[in-house]
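Given the coordinates of chain A, work out where chain B should sit on it, guided by the hints.
Line order of the protein sequences matches chains A and B. Residue 191 in this note's numbering sits at position 191 of the first sequence, and the numbers go up by one each step. Residue 205 in this note's numbering sits at position 205 of the second sequence, and the numbers go up by one each step.
Because the hints were derived from the structure by calculation, they are not lab data. Take these hints with a grain of salt, some might be off.
As a list, the in silico EDC-like pairs of lysine to aspartate or glutamate whose alpha-carbon atoms are at most 16 Å apart [said to hold, decoys possible]:
{"hint": "1", "chain 1": "B", "residue 1": "K115", "chain 2": "A", "residue 2": "E49"}
{"hint": "2", "chain 1": "A", "residue 1": "K104", "chain 2": "A", "residue 2": "E61"}
{"hint": "3", "chain 1": "A", "residue 1": "K58", "chain 2": "A", "residue 2": "E95"}
{"hint": "4", "chain 1": "A", "residue 1": "K58", "chain 2": "A", "residue 2": "E108"}
{"hint": "5", "chain 1": "B", "residue 1": "K90", "chain 2": "A", "residue 2": "E286"}
{"hint": "6", "chain 1": "A", "residue 1": "K90", "chain 2": "B", "residue 2": "D322"}
{"hint": "7", "chain 1": "B", "residue 1": "K279", "chain 2": "B", "residue 2": "E356"}
{"hint": "8", "chain 1": "A", "residue 1": "K115", "chain 2": "B", "residue 2": "D124"}
{"hint": "9", "chain 1": "A", "residue 1": "K294", "chain 2": "A", "residue 2": "E270"}
{"hint": "10", "chain 1": "B", "residue 1": "K115", "chain 2": "B", "residue 2": "E99"}
{"hint": "11", "chain 1": "B", "residue 1": "K115", "chain 2": "A", "residue 2": "E125"}
{"hint": "12", "chain 1": "B", "residue 1": "K115", "chain 2": "A", "residue 2": "E286"}
{"hint": "13", "chain 1": "B", "residue 1": "K155", "chain 2": "B", "residue 2": "E103"}
{"hint": "14", "chain 1": "B", "residue 1": "K90", "chain 2": "A", "residue 2": "D124"}
{"hint": "15", "chain 1": "A", "residue 1": "K104", "chain 2": "A", "residue 2": "D82"}
{"hint": "16", "chain 1": "A", "residue 1": "K115", "chain 2": "B", "residue 2": "E125"}
{"hint": "17", "chain 1": "A", "residue 1": "K59", "chain 2": "A", "residue 2": "E95"}
{"hint": "18", "chain 1": "B", "residue 1": "K58", "chain 2": "B", "residue 2": "E95"}
{"hint": "19", "chain 1": "B", "residue 1": "K155", "chain 2": "B", "residue 2": "D364"}
{"hint": "20", "chain 1": "B", "residue 1": "K90", "chain 2": "B", "residue 2": "D140"}
{"hint": "21", "chain 1": "B", "residue 1": "K144", "chain 2": "B", "residue 2": "E19"}
{"hint": "22", "chain 1": "A", "residue 1": "K90", "chain 2": "B", "residue 2": "E103"}
{"hint": "23", "chain 1": "B", "residue 1": "K58", "chain 2": "B", "residue 2": "D124"}
{"hint": "24", "chain 1": "A", "residue 1": "K115", "chain 2": "B", "residue 2": "E49"}
Between beta-carbon pairs, the in silico distance windows are [claimed, not checked]:
{"hint": "25", "chain 1": "B", "residue 1": "G226", "chain 2": "A", "residue 2": "P151", "range": "37 to 45 Å"}
{"hint": "26", "chain 1": "A", "residue 1": "T150", "chain 2": "B", "residue 2": "P131", "range": "53 to 61 Å"}
{"hint": "27", "chain 1": "B", "residue 1": "F321", "chain 2": "A", "residue 2": "T150", "range": "42 to 50 Å"}
A short list of chain A residues far from chain B (calculated; beta carbon distances all over 12 Å) [stated by the list, open to error]:
{"hint": "28", "residue": "D23"}
{"hint": "29", "residue": "P131"}
{"hint": "30", "residue": "P151"}
{"hint": "31", "residue": "R199"}
{"hint": "32", "residue": "H215"}
{"hint": "33", "residue": "E270"}
{"hint": "34", "residue": "P328"}
{"hint": "35", "residue": "F366"}
{"hint": "36", "residue": "D369"}
All C-beta atoms, glycine included, are put in the ideal place defined by N, C-alpha and C.
There are 2 protein chains.
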Amino acid sequence: MGAPKPISNLARLRRLVEESDFDAVIAVSPESVPYTAGVFIWTQRTIRERLAIVVWPKKGEPTFIVCTIEEAEARERSWIEDTRTYVEFKTSPIEALIEVLEEKGLVEGTLGIEKSYLSTAYHDELRERVPRARLEACEDLFYKARMVKTPDEIKLMTRAARATEKALLSTFATIQPGDTEKSMALRLSMAMLQCGGDRIKFLYINAGPNSGYPHRQPGDYQAQPGDIIRTDCGAYFNGYISDIGRTAVVGSPSGEQRSIYRRLIEIHHETIQVARPGKRACDLFETARQGYAKRHVPFPLPHCGHSLGLDGHEQPILNAFDTTELEPNMLFAIETRVRWPGEQGYHIEDLVQVTEGAPRVLSDFFATDDLFVI
Amino acid sequence: MGAPKPISNLARLRRLVEESDFDAVIAVSPESVPYTAGVFIWTQRTIRERLAIVVWPKKGEPTFIVCTIEEAEARERSWIEDTRTYVEFKTSPIEALIEVLEEKGLVEGTLGIEKSYLSTAYHDELRERVPRARLEACEDLFYKARMVKTPDEIKLMTRAARATEKALLSTFATIQPGDTEKSMALRLSMAMLQCGGDRIKFLYINAGPNSGYPHRQPGDYQAQPGDIIRTDCGAYFNGYISDIGRTAVVGSPSGEQRSIYRRLIEIHHETIQVARPGKRACDLFETARQGYAKRHVPFPLPHCGHSLGLDGHEQPILNAFDTTELEPNMLFAIETRVRWPGEQGYHIEDLVQVTEGAPRVLSDFFATDDLFVI
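Just chain A, same shape as in the assembly:
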């Protein structure tokens, strides 16, 4: 049985490595390892010390290093043929890495490492053992590879976005006054799994005054008529992450609620429309900023969205400082929201594909132009 083909763009990654100054790049993050190896070592996300590593040299084939516990999975599921192992606690993963570097003649080379992920402790260990190597941050290279999606990635992430929307719609359909946030969260979680999610990544569903907090654990508060129900949630689908936000109101919205939502949805559409090739990430932020200002909605937020894929927040980030130019087949979670802690909060978040022409909203399972009435 052959290993499944990765859906990531390894040709793009290979080209970036070849064009770089690195003699090798070393993937250690729970995003770059599955991107390169084409296999998910789930414990990467739950047991930080248990590193999985891909050494990707400028010339030659990559090597995959995993703890013996994960060996069978790695050998059977990854396309990488050269797999090495280390015994946890007995041998450090860095020791196993050094052995590969020595064998490949890289110990005096320029090595790209993911400095924004690798812990200081592991870095110190590596630094000490290969004193003549130049250890340089290479996360930008991985970000650059990952930020343009393949057709298979787009297909998967579209399915994930729509499944998450379906879960939201089915949850909204069952909410009644008196329901606790916790019971709504349970129903939403179950719906996300029933709609195909492998596991929940994050899930916020808050009502009334709690809707004013971005990441409050759903609790015992009971939804009342007139309450805003604010959601923001995502799940893993074959390792890729969905991220969708929808807002509803219990019973008839007040004039103020209707007005706030109407203004937000206008800002949302305006921002999405800027997601075209040649525009920069910060241009979307600036459009959003102006849209909020023009409509007198507070905007103390550091970003109005982000790319996503194997990680929940990926580069480019739609903030004031990210000047990355957009390209076709980048995907963005564009999020338009406003919050007054202890009072109310609104959140609209969609998955948008940059195309050669107009941006395409992939999360189009149910319309958001009007506040959803429960």
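Just chain B, lined up with the frame of chain A:
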């Protein structure tokens, strides 16, 4: 409304800091921050760059640093009164940390940092900005504080363990030949949430040949009569993690299956019995190793269990090298298992409390002495 009291042992932490050589310790991990601040900043676990930080000086009161997005949550839910914020992307969290260090006269002090969590990139930034400070690893201090649980922590983790067992039992009760692993995983996930889990931490339920892999994503394989069903799963309960493993068989077990399970359960009981004050973590590993050898069960495993709490694997780890002496009110996930990839695998994992006398199995909702027959 006053902030809820943390259930962690802050007096113990305070004493450890006072007895240490650190002028301050700096918590940054998703475990040590809630342990010290008494509040869960959930995005710590999902957005790595968005640090939350607690500066805990040897003398004086701690300071809590969060991104503005999390400000309201931190101010309302933490007992720490001094809260500072930074605007994501605009100001680095390290910049905010340095401001606090300057104000407290700590920039030339000995600072404890969690080097096994803090990324190399953030560490480099800190290093450069406080060149006269001694930055030393302090994770051992946090491990030491966290490894002895308070009565409230034990109560919560007992509830979590038993809820996870209940979810397993209710799932086992519904399995029929022909069920896919994916459908079993969905039912188990839902049951864990219905039994009170806030979100799933990890979840493996595999059948037949797939039961031989420790962390295979449940897929399309359909359980057959005679298949082993191996599980290993945990969820968050108020931020604390459960970790339970149970094994079942579809229909009547074969003589070989019965024999393997019988030997494992004997090893399991023998290992648990060593969990007493004065014994070392490695003594449990050695007991397990000998138990496997005596009963001719392969044991290529690097550990036979671990402590747990706010993290899934916490110190002490029950491996060959950890010489930590056990103390009353340490909790351990003791796991006894064997796997043949592509053939079959068994997993028994229980939550055990070290007491003054005999160890207490807290996950005692359903008996594991015999292989569970579906």
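A quick look at each hint next to the structure:
1. Restraint check for K115/B and E49/A: satisfied, since their Cα atoms lie roughly 11 Å apart, inside the 16 Å limit.
2. Straight-line distance between C-alpha atoms of K104/A and E61/A comes to about 10 Å, which keeps the hinted pair within the 16 Å bound.
3. Using a Cα cut-off of 16 Å, the hinted pair K58/A and E95/A is violated, with the two alpha carbons roughly 21 Å apart.
4. Restraint check: the Cα-Cα separation between K58/A and E108/A comes to about 14 Å, which is no more than 16 Å; the hinted pair holds.
5. As the CA atoms of K90/B and E286/A are separated by approximately 15 Å, the hinted pair is consistent with the 16 Å bound.
6. Pair hint K90/A plus D322/B holds up; C-alpha atoms about 11 Å apart against a cutoff of 16 Å.
7. With a CA separation close to 12 Å, the supplied pair K279/B and E356/B stays within the 16 Å bound.
8. For the hint pairing K115/A with D124/B, the CA-to-CA distance comes to about 9 Å; that is within 16 Å, so the pair holds.
9. Between K294/A and E270/A the alpha-carbon distance is near 12 Å, which keeps this suggested pair within the 16 Å criterion.
10. At most 16 Å may separate the alpha-carbon atoms for a hinted pair to count; K115/B and E99/B exceed this at roughly 20 Å.
11. For the proposed pair K115/B and E125/A, the alpha carbon gap of about 11 Å is at most 16 Å, so the pair holds.
12. For the suggested pair K115/B and E286/A, the alpha carbons sit about 37 Å apart, so the restraint of at most 16 Å is broken.
13. Simply put, K155/B and E103/B have alpha-carbon atoms about 39 Å apart, too far for the 16 Å limit, and the pair is violated.
14. About 28 Å separates the Cα atoms of K90/B and D124/A, which puts this hinted pair outside 16 Å; it is violated.
15. A distance of roughly 12 Å separates the Cα atoms of K104/A and D82/A; the hinted pair therefore holds under the 16 Å criterion.
16. Pair hint K115/A plus E125/B holds up; C-alpha atoms about 11 Å apart against a cutoff of 16 Å.
17. Restraint check for K59/A and E95/A: not satisfied, since their Cα atoms lie roughly 22 Å apart, outside the 16 Å limit.
18. For a cut-off of 16 Å, the pair hint linking K58/B to E95/B is broken: about 21 Å separates their Cα positions.
19. With a C-alpha separation of about 14 Å, the suggested pairing of K155/B with D364/B holds against the 16 Å cut-off.
20. Proposed proximity of K90/B and D140/B is contradicted: the alpha carbons are some 33 Å apart, above 16 Å.
21. Only pairs whose Cα atoms come within 16 Å are accepted, and K144/B paired with E19/B is accepted, the gap being roughly 13 Å.
22. With a C-alpha separation of about 43 Å, the suggested pair K90/A and E103/B falls outside the 16 Å cut-off, and the hint is violated.
23. With a CA separation close to 24 Å, the supplied pair K58/B and D124/B exceeds the 16 Å bound.
24. Of the pairs offered as hints, the one joining K115/A and E49/B holds, with about 11 Å between alpha carbons and a cut-off of 16 Å not exceeded.
25. A beta carbon spacing of about 42 Å between G226/B and P151/A agrees with the range 37 to 45 Å that was offered as a hint.
26. Distance hint for T150/A and P131/B: a CB-CB separation of about 45 Å, inconsistent with the stated range 53 to 61 Å.
27. Taking the beta carbon of each, F321/B and T150/A are about 43 Å apart, inside 42 to 50 Å as hinted.
28. Look at D23/A: its CB is around 19 Å from the nearest CB on chain B, clear of 12 Å, so calling it non-interface holds up.
29. Separation of P131/A from chain B is adequate, the least Cβ-Cβ distance of about 16 Å exceeding the 12 Å criterion.
30. The beta carbon of P151/A sits about 23 Å from the closest Cβ of chain B, which is more than 12 Å, so the claim that it is off the interface holds.
31. Listed as a non-interface residue, R199/A fails to keep its Cβ farther than 12 Å from every Cβ of chain B; the least gap is roughly 5 Å.
32. Against the 12 Å criterion, H215/A falls within the reach of chain B, whose nearest CB is about 5 Å from its own CB.
33. At roughly 21 Å, the least C-beta separation between E270/A and chain B is larger than 12 Å, which holds for a residue marked as non-interface.
34. No beta-carbon of chain B is positioned within 12 Å of the beta-carbon of P328/A; the least distance is around 25 Å.
35. The claim that F366/A is not at the interface with chain B holds, since no C-beta of that chain comes within 12 Å of its own (minimum 23 Å).
36. Look at D369/A: its CB is around 27 Å from the nearest CB on chain B, clear of 12 Å, so calling it non-interface holds up.
Going down the numbered hints, you'll see the structure goes against 3, 10, 12, 13, 14, 17, 18, 20, 22, 23, 26, 31 and 32, while the others check out.
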